[in-house]
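J.: In the numbering used here, the protein residues as written are 10 to 138.
Treat the hints as calculated values from the structure; they're not laboratory data.
Model, not experiment: these values are computed from the prediction.
There's no promise every hint is true.
[Stated by the list, open to error] Once the Cα atoms are required to be at most 20 Å apart in a straight line, the calculated SDA-like pairs of lysine to any residue come out as:
1) LYS68 / ASN81
2) LYS68 / GLN115
3) LYS39 / ALA103
4) LYS74 / GLN115
5) LYS74 / LEU60
6) LYS102 / ARG29
7) LYS39 / GLY61
8) LYS112 / GLY61
9) LYS39 / LEU16
10) LYS39 / ILE83
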Amino acid sequence: NIMSGELPFSDNTFDMIVVRQANRALNEEKWEGFMHECFRVCRPGGWLEALGQSTGIAKTGPCGKELLRCLNHILELDHTSFASIESLSGVFKAAGFPDPIHKRYQLPVGPWGGPLGELVYRNGRNYFE
10 NIMSGELPFS
20 DNTFDMIVVR
30 QANRALNEEK
40 WEGFMHECFR
50 VCRPGGWLEA
60 LGQSTGIAKT
70 GPCGKELLRC
80 LNHILELDHT
90 SFASIESLSG
100 VFKAAGFPDP
110 IHKRYQLPVG
120 PWGGPLGELV
130 YRNGRNYFE
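Please model the complete structure; the sequences and the hints are all you need to start from.
T.: And the structure:
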């Protein structure tokens, strides 16, 4: 449970740590402690892969803009955000991870995006349900 503060592993346990969608569970204050814990349990020369999503939508219309407004309001009430990995670069470096590499991918949402767009749409819909 990443919310407890300490990871239940010894120092230098893992060659690779994969973090997915933690940006919704951790507020900005908790990210710093969590990254220090990840660095503690990561072996020297090991890797941290952090995957997350942002609330940015390219080429959105009025409905998409309203959806983003509502989503960001909900996140503010919960004191969390879809903080992009880029915005956490300083937190990664402060924890000891040198030179974070950022890669951004845009995903289609909906039937126009083919099978991937359908999958992303269903995933998003399930998230809100």
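J.: So, for every hint listed, does it hold in this structure?
T.: So, going through the hints one by one against the coordinates:
1. LYS68 / ASN81: holds, 18 Å
2. LYS68 / GLN115: At roughly 11 Å apart (the allowed maximum being 20 Å), GLN115 and LYS68 satisfy the hint.
3. LYS39 / ALA103: Given that 20 Å is the threshold and the Cα spacing comes to 13 Å, the pair holds.
4. LYS74 / GLN115: Between LYS74 and GLN115 the Cα gap is close to 17 Å, so the pair holds against 20 Å.
5. LYS74 / LEU60: Violated - the C-alpha atoms of LEU60 and LYS74 are around 24 Å apart, more than 20 Å.
6. LYS102 / ARG29: Holds, at roughly 19 Å.
7. LYS39 / GLY61: OK: LYS39 and GLY61 at ~16 Å, within 20 Å.
8. LYS112 / GLY61: holds, 11 Å
9. LYS39 / LEU16: holds, 13 Å
10. LYS39 / ILE83: holds, 19 Å
Violated hint: 5 only; the structure is consistent with all others.
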